[in-house]
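Take the two lone chains and join them into the complex the hints point to.
Residue numbers (numbering that gives the first Met the number 0), protein chains in the order written: chain A, 0 to 104; chain B, 0 to 113.
Misleading hints may appear alongside valid ones.
With a straight-line Cα cutoff of 30 Å, these simulated DSS-like cross-link-like pairs (lysine-lysine) come out [what the hints assert, rightly or not]: (1) Lys108(B) x Lys41(B); (2) Lys8(A) x Lys108(B); (3) Lys98(A) x Lys34(B); (4) Lys8(A) x Lys98(A); (5) Lys93(B) x Lys7(A); (6) Lys108(B) x Lys28(B); (7) Lys1(B) x Lys98(A); (8) Lys93(B) x Lys98(A); (9) Lys102(B) x Lys98(A); (10) Lys41(B) x Lys98(A); (11) Lys34(B) x Lys7(A).
What follows is a set of in silico ranges between Cβ atoms, one per label pair, in the way DEER data are often shown [to be verified]: (12) Asp65(A) x Gly11(B): 39 to 49 Å; (13) Thr20(A) x Glu8(B): 16 to 26 Å; (14) Phe54(B) x Ile87(A): 20 to 30 Å; (15) Gly88(A) x Glu30(B): 31 to 41 Å; (16) Met44(B) x Thr20(A): 22 to 32 Å; (17) Leu51(B) x Asn96(A): 24 to 34 Å; (18) Phe6(A) x Met6(B): 34 to 44 Å.
Simulated coverage check for chain B against chain A, where a stretch passes if three residues somewhere in it have a Cβ under 8 Å from a Cβ of chain A [stated by the list, open to error]: (19) 65-79; (20) 93-99.
FYI, nobody ran anything at the bench for these hints, they're computed from the structure. Ideal placement from N, C-alpha and C gives every residue a C-beta, glycine not left out.
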Amino acid sequence: MNISGSFKKLFFLHFEWMALTAGLILMALLDPFSEAATLCPVERLGFEFCPGEGLGRSISHAFRGDLLASISMHPAGILAILIIIGRIGSIFRRNLNIKHNNSEQ
Amino acid sequence: MKVFEYMPELEGDEMQYINRLLDELPEDKVELFIKIYRARRKDPMLLLILALIGFFGVAGIHRFFVGHIGMGILYFLTAGLCFIGTIVDMINYKNFAFEFNRKIALEIKQEINV
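In isolation and in its complexed conformation, chain B is listed as follows (with noise of 0.2 Å):
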């Protein structure tokens, strides 16, 4: 609940996973990670329009962006696999959004337990 009422944005399975990860952190603890989870975590929305930009312009750039930087040069050099990746990650995105975010709120929190 505590989650909810900091980070309104979260939905679905982030939401639980981050509810689960801080539930036995005390109050000041909690304030922090929020602060720190809300700066550094990748909006799904934002890679959405990054992997369209992939059938205008230039592909890949979403892989990029959450640290695929192998599967970033593939796209870049075959137009996102002829298109069909693209079409791909446009169904997945969400998984590399929440991926990339449930590694980031880990090294977070044991930044802030140490």
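Only chain A is shown next, with the shape it has when bound in the complex (with noise of 0.2 Å):
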């Protein structure tokens, strides 16, 4: 295989569970307790209002146990953490069928 197909390849397989995990593991170093802590893009061009507002910060109270305030900030957050594991979950079992499928050829 050409260099350009295994790059390919390795996109396809690992590209986005790394964008997920990298994401997961900044919002968990964000500062829950600071107003200024944002990813946002939104936000950091200056505008008020965007619907993800605060689900950084809950995510970060849920990583350090905090529930309520994880709740409070965004109700969402324990939810988009367990989707977002969940998806890496399922793309691992996708390139497990891939590995196998390719073994068996």
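Dropping the structure here:
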């Protein structure tokens, strides 16, 4: 297989879960008590309202075990963690399937 | 080579994958497969356009479209993770389509072989 082909394959297998994991780690590292802490590009551009408002801080609270504060920041914070971890799991399952099929052929 | 004649719209990985899948099938079954596959597969370009809607209206339609219900709901509630998710998905849209089509192709092959 040539270089661009194998790069495409690596991209297909690993890009999405890496992006999701990086996002989770960044949100977990946010300081939940600082008003200025945000990853949101909409807020950085100076707009006041964003529907994802507080999600980062909510996830950050949840990682520190403070579930009530997490829910008060953004009700979907805990749900978001579960959904993202579920998606990462399904990517791994897919990759295992692909490996399995390739070794059969 | 056969698949190339039947479905010229396929490209790259998907074409290779379908080619390998149909390698040992007889001609009539290949035709049946192509008919069903063409009806059920999702076009990557449509996915890109659906992802683009995330900037102007409702985000996450493309996720529902390929069956990621959970991620679809999350994108819908947070405007595509504050647009970051939408931008990442616009880079990654071909992979979603390929992932979906791959699953569909395997299912169709199993149905035909029975």
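Status of the hints after comparison with the structure:
no.	hint	verdict
1	Lys108(B) x Lys41(B)	holds (17 Å)
2	Lys8(A) x Lys108(B)	holds (23 Å)
3	Lys98(A) x Lys34(B)	holds (28 Å)
4	Lys8(A) x Lys98(A)	holds (12 Å)
5	Lys93(B) x Lys7(A)	holds (11 Å)
6	Lys108(B) x Lys28(B)	holds (9 Å)
7	Lys1(B) x Lys98(A)	holds (26 Å)
8	Lys93(B) x Lys98(A)	holds (20 Å)
9	Lys102(B) x Lys98(A)	holds (14 Å)
10	Lys41(B) x Lys98(A)	holds (23 Å)
11	Lys34(B) x Lys7(A)	holds (28 Å)
12	Asp65(A) x Gly11(B): 39 to 49 Å	holds (47 Å)
13	Thr20(A) x Glu8(B): 16 to 26 Å	violated (34 Å)
14	Phe54(B) x Ile87(A): 20 to 30 Å	holds (25 Å)
15	Gly88(A) x Glu30(B): 31 to 41 Å	holds (38 Å)
16	Met44(B) x Thr20(A): 22 to 32 Å	holds (29 Å)
17	Leu51(B) x Asn96(A): 24 to 34 Å	holds (30 Å)
18	Phe6(A) x Met6(B): 34 to 44 Å	violated (25 Å)
19	65-79	holds (count 8)
20	93-99	holds (count 3)
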